[in-house]
Amino acid sequence: MTQTINRPLRVLVAKVGLDGHDRGAKVIATALRDAGMEVIYTGLRQTPEMVVNAALQEDVDAIGISILSGAHMTVFPKVVALMKEKGMDDVLLTGGGIIPEEDMLELNALGVGKLFAPGTPTTEIASYISQWVVKHRSF
Numbered sequence: 001m002t003q004t005i006n007r008p009l010r011v012l013v014a015k016v017g018l019d020g021h022d023r024g025a026k027v028i029a030t031a032l033r034d035a036g037m038e039v040i041y042t043g044l045r046q047t048p049e050m051v052v053n054a055a056l057q058e059d060v061d062a063i064g065i066s067i068l069s070g071a072h073m074t075v076f077p078k079v080v081a082l083m084k085e086k087g088m089d090d091v092l093l094t095g096g097g098i099i100p101e102e103d104m105l106e107l108n109a110l111g112v113g114k115l116f117a118p119g120t121p122t123t124e125i126a127s128y129i130s131q132w133v134v135k136h137r138s139f
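Under full-length UniProt numbering, residues 1 to 139 are what the sequence shown spells out, in order.
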């Protein structure tokens, strides 16, 4: 039996660290909103703690981090640790940016969901989030 969702999915989109390039994050936020999701965009220069706390307060189904600074091997593990500490095992952590394939695999092994490279169709990202949430969250 397929589980159905009777409300819009809630997704937090964040830019962590000093990376000031937010066009991609805004494009993703708009695309997810157009796909029927409720999107909370945190804006620039967030810390991992700020992202996880906002995700808790907003009761999101997924967190998407946009990162172009090269700090992905620091940022994602910190967010994973904070999410585990707060008992957020049923919240998807995904993201995208300039992330080498080998780093994506290592981050996946730590518990990060699928990571997307620049140019990925936004429909693919929205579909992945929807499918993951239906499979892993209780409604």
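Be aware that one or more of the hints could be misleading.
Said to hold, decoys possible - Derived Cβ-Cβ restraints for the label pairs, each shown as a range:
#1 A54 / E106: 23 to 31 Å
#2 G87 / A109: 20 to 28 Å
#3 V134 / A54: 18 to 26 Å
#4 A81 / G36: 15 to 23 Å
#5 G111 / S69: 30 to 38 Å
#6 G70 / V134: 27 to 35 Å
What the hints contain is simulated information worked out from the structure, not anything from laboratory work.
All figures in this text were calculated on a predicted structure; none of them were measured in a lab.
By construction, the Cβ of each residue, glycine as well, lies at the ideal position given by its N, Cα and C atoms.
Within 20 to 28 Å: is that where the Cβ-Cβ distance between G87 and A109 falls? Since the Cβ atoms of G87 and A109 sit about 21 Å apart, the hinted range of 20 to 28 Å holds.
Range hint compliance [Cβ, G111 to S69, 30 to 38 Å]: 21 Å, violated
Check the following: the C-beta atoms of A54 and E106 are separated by a distance inside 23 to 31 Å. 26 Å, holds
With respect to the beta-carbon atoms only, verify the hint that G70 and V134 lie 27 to 35 Å apart. 33 Å, holds
Between A81 and G36, does the C-beta distance stay in 15 to 23 Å? 31 Å, violated
A54 and V134 - C-beta distance against the hinted 18 to 26 Å: About 23 Å separates the Cβ atoms of V134 and A54, which means 18 to 26 Å holds.
Going down the numbered hints, you'll see the structure goes against 4 and 5, while the others check out.
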